[in-house]
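Asks: Read off the chains here:
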Amino acid sequence: MQDFLAYTVLGICLGSVYAIAATGLVVTYSTSGVFNVAHGAVATMSALVYWQLHTQWHVPTAIAIVITIGVFCPAVGLFLEVVVMRGLRDTSEVTRLVIPIAVLLALNGLATWIWFRDGTRAIVPRKFFGERYIEVLGQAVYYHQVIGVMLAAVTAGGLYVLMFKSRLGVTMRATVDDRNLLMLNGGRPDRASMASWAIGASLAGVAGVLLAPQQGALQVFALTLLVFDAYPAAIGGRLRSVPFTYVAAMVLGLSRAYFDWVSDAGQNWLALRNLRNAIPAVLLFAALLFLPQSRLRGAVVTRTRERFHVPSWRQAVAWGGVLVAVVAMLQALMVDSAVISLANGMSLSLLALSLVLLTGYAGEINLAVYTFAGMALIVAWQFDVGPNGLATQESLSVMAILLAMVVCALVGGLIALPALRLRGLYLGLATFAFGIIVYQLVILQTKPLNGSIFGQRFTINLFTTGSLTVPRPHWFGIDFRDQRSFLMLMTVMFAVIGIGLVQLRRSAYGRMMIAMKDSPAACATLGMNIIRVKLGVFMLSSAIAGLGGLMWASQQRTLANNNNFDGFASLLLFMIAVVGGIGYVSGALLAGIFLSVLSVVMPNIFDKLGSDYPSLHWLFVTGIGNFTKFVGPAIIGIRLGRNPSGIAQQIMDGFRPLRRVPVGAGVWAAAIVGLWALAWQGVIGNWTFTLVVIGSVFVVPRLLMNMFADRFVGVPGVGAGTEDDADLIGITRPFLGTDRERFDRELALPLDDRGAVHVAP
Amino acid sequence: MARKSVRSVAVVAVLALVASACGKDREAATPTTPAPTVAVTTVAPPVDTDEPAPADTATDDGEGTTPAPDTAPPTTIADVAMFGDLPWPCGPGDGANTDDGSEVGVTADSVTIGTGDDAGYAGSPGLNHEMTDAIKALVAECNDLGGINGRTINLNYYDAKLFEVPAAMQSACDANNFFLVGEGWAFDSNQEEIRLACGLPAVPTYSVSAAFAHGANVFMGVPNPADETTSGMFAQIAELFPEEAKSVVTLAGAFSATQETRDKVVASAPAFGWDFALTTLESNPVGEADWTPFVKQIQDAGATMVSWQGTCLPGLLLFAQTAQVNGLDVPIITDSNHYAAQCADANDGALDNLYLRMAFVPFEDADANPATRDYLDVIAERGGDTAMLGAQATSSFLLWATAASACGPALTRACVLSNLASTNSWTGHGLHAETDPGGNHPPSCSSILRLVGNEYQRITPPEPASFECDDAWITPITGTPALLAAKLDENRISQQFAGG
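Heads up: the sequence lines are chains A and B, in that order.
Numbering-wise (my numbering), the first sequence opens with residue 1 and increments by one.
Numbering-wise (my numbering), the second sequence opens with residue 762 and increments by one.
Be aware that a few hints might be false.
Pairwise CB distance ranges (calculated) [what the hints assert, rightly or not]: (1) Gln2/A - Ala1038/B: 16 to 24 angstroms; (2) Asn917/B - Asn450/A: 42 to 50 angstroms; (3) Leu270/A - Asp1128/B: 43 to 51 angstroms; (4) Leu390/A - Asn917/B: 29 to 37 angstroms.
Counterexamples of contact, computed for chain A against chain B with all Cβ distances above 10 angstroms [as the list claims (entries may be wrong)]: (5) Ile67; (6) Val84; (7) Phe164; (8) Ala174; (9) Leu330; (10) Gly424; (11) His617; (12) Leu658; (13) Leu678; (14) Ser696; (15) Leu703; (16) Glu746; (17) Ala748.
No wet-lab data here; the hints were simulated from the structure.
All residues carry an ideal CB built from backbone N, CA and C; glycine is no exception.
Take these sequences, add in the hints, and give me the full structure.
Replies: Okay, structure coming up:
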């Protein structure tokens, strides 16, 4: 009984912290429709600001708190609302999930840059009232924790009053329900959203300042992660009810405490030991599945700004061929270590392909891609190597790959099945929770799993030693332990799967996916079996993730169990894939290359420049280099709000007009090949080649367009006097044949020769 | 980026653990002095004129960098520059260096080596850069003294950024390095296949994986083999706390490297009078929201001592605070990765029960130990940060430089490797307890420090810069998952990544 009471006290203290974090999330969501994944990052930033003021600059506690919670946090909230989130109106669920992820990465990168750039530093925030404590029901409780419990109750009560009893609260809620109606009634939605973001950020700040001492030494990502644990409470409150959120937070805190009580802090069932770390994820998954969900705002949005073209079958094959040729030519110029970087990128591109199918085509979200990679590699390792084998001397067999893909497909189907009714954000969170559960219970499992089926005993070795080494293939007499061969193998795989995906997209099944993405309700009305499509897409995408993951693992060779499987890496990959252009195979390619090049190679280049020109070290390393390293990818992610269709599309749009000058484009391509040949033969240096090619990308298209200006009349963005907005064509200018061509393309209708006919204006 | 947090915690843990080999006996060693066999006798004089400054003399009056026999003219290079208790293994040579162009990374007047760390890891910028700081300072110092037998050392640096180990190793292979010296990459099993394929030998600062700790052509100043562990601390603690040691609870981070350390403790400590009440407690290496459940488990088990495997910050600090508040007042025994300024600075009294083992002479004893003093001075002079890992890098650099200088005019990998293999007694010029790099054995010596307030105080043995030693303090380890995965052959060389 004494223990029961003690653990109850602990659970309530923990629950209160979750409550503060979760209510902040709910305020932001219920008034802006954005699930602020970056909430934890704001909390972390605030904790650091408070520490800087209080501990470093010796500002008195009360003043430091006021500056942090009352000035800094609202400022961050307002900044986010005005600069970033306001641009998210009329974007898809995916975009509205990705931008906060990018903000999270940016804030965390910034915090690391400001406070931890020299590495060795430890920031140890102290509890309010230090180590003083009182005994409650026989359990020692810090004053600090008591403050937390009181603040949680006060916050919940205060917010309830604010949201439901105050004019501001009503305006804030009205903003989400119907913005236009609110404006018609004289409300000011912009001001209301600004207020809600400011309040949300302040609550994040309170959570951060309270949580930081309980984390001991402040660690940017660990603190952010702690706020993630509060998600189930927010979902428990159905993202709109503050009182329910408070109750759900208590349930969460008590569940953790009671689990520790009955399991003796995890010791009673060793195979399930890590369940104690996965409890928030388990509850999140359960809450998503079993609680009735309010309709997501995303379902109301019928017109979004994302637009994806669909290439034809012939184009897909041609571009696949070009990709293989280009990679083959490039690798011939590269040193071995650069080939490794490129191959890493290609393996990540393969992994990202699964997202093109799932998210780009079908509009579903999977935030646990690496989880499938982990499962695939466990299966393949078990099949091909086993505890007594030597991975370096084995070949990755086709059987193992197929088996891994089947396992991934089945698991993918299993999560999709209960998640079938979930959509958008909820599905994303469910997959994220699933990823964490698998990470804690399977991937971090060091005990081999023994069992028996029909009397046959079997042992499945997971990451028994904490890491697994995956073999490379040895097919068609080629030993793919050779890095260049393996790069080419992955490139060919990418091209083949990419062509397959394009073909799938063009099929009837593909149109069903798009229809499902656009409006599940309309599909159901037309008698389409959404469940089958959704399940099929999830399984196929999981299988591709398994294959890609296996190639990634095989590229890495040895993987530790804490390498990329914890959920964050999946968030990053998802973000970068969306930035690259989730609707395109080429977007996946860009994402992989981007991940391996931008975060790895670019800082190297700047480091090199910094050491070559020491006087400019501050510029190259301290400035640009650190910027690329810490916040570069995130900033690019945030900019996605401007162009939600992704980088791939921007690039293609830039080059598409060149089809009108085939000879010029051909000459250009031939010139590049010629230069490559010179570089390959060592006549010119690799740097010269790279610089000339990059330079030509900027110069040649413009040159061609000027030289053959007559051919570009009426081409959006190129020819003079054109208007890009489809709604206005015919009003601001006459309708042209090129417009029909464009509409046909947008609608993915087969182009016929009519499309090329110029109609005189 | 994001993912990294988690790993940074874990990885720092590993790294730190790695440094946790145990001590040598300075005391015992002083009279007989290590005499790193080949090295000292043949190499010691970085000078051709002087008498070969026997190691004994050096140690005896070893009061610093330049004992400078007063007979010798005070010309700069001709002096026997000392590092710790031995002369610098660097000097101008006799100008008769050979170069037939066949040896990778060696010419008649230069030798190219590589080093590296994980400093570019965005989740923990500057991770372990103290190793590279040390190597850079030592290379500069060594070159000023004339280099390796007259060969100037060219140093290449490779940043593995934690996860880019294969590319870093491939770069090191591509750049035709003679050796890797003083590098340390946390995910070092990822590099082994590439390293073995290009035949690059290494004298790293530390190893994490058993595959690298037992890798072919790998030698370390302070070896950390997977099949042996130093158990001196257990005997010393049992002597300090005979009663408390009878009921010990282990509390390890749920992470393979910390788990392996825990397994080693549980396997070897009972022979020295320890009894375990509980060995299954594991905490979340990413952080615990509340440590009270662990304190309660430890109290319920009736423990009188805690054996902690993890990191000082934030885990141990919070655990110790929670223990204090809940009335659990027992000694906490841990490894030398808890010897860090930030750990001491963070102590608010809760960590006063912290006891840790050291194989290195702590920086507090620098005045009593020339090598430690010299390490701190070199870094202070050349710029950079100091840390135990930096001292460990220094030991490995000196080990390599000693073996390389001993080869004289004909510098080949085979010669250096052979010298390394026959170096069976090594103290890093007095930086740490005696080890056996050639035989890949950890130290059989240990010393115990205690954190009191914001300072580390020496407990056992009491004399500054000293260790207690016993040959029985090296305990064989069998059957751990890490060891099985490494697949050692009869020479204790890992075959895990042997080419097919």
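Asks: Taking the hints in turn, state whether each one holds.
Replies: Tested hints:
no. : hint                                     : result
1   : Gln2/A - Ala1038/B: 16 to 24 angstroms   : holds (21 angstroms)
2   : Asn917/B - Asn450/A: 42 to 50 angstroms  : holds (48 angstroms)
3   : Leu270/A - Asp1128/B: 43 to 51 angstroms : holds (49 angstroms)
4   : Leu390/A - Asn917/B: 29 to 37 angstroms  : holds (31 angstroms)
5   : Ile67                                    : holds (25 angstroms)
6   : Val84                                    : holds (18 angstroms)
7   : Phe164                                   : holds (31 angstroms)
8   : Ala174                                   : holds (35 angstroms)
9   : Leu330                                   : holds (16 angstroms)
10  : Gly424                                   : holds (21 angstroms)
11  : His617                                   : holds (14 angstroms)
12  : Leu658                                   : holds (35 angstroms)
13  : Leu678                                   : holds (23 angstroms)
14  : Ser696                                   : holds (28 angstroms)
15  : Leu703                                   : holds (37 angstroms)
16  : Glu746                                   : holds (35 angstroms)
17  : Ala748                                   : holds (35 angstroms)
The structure is consistent with each of the numbered hints, conforming to all of them.
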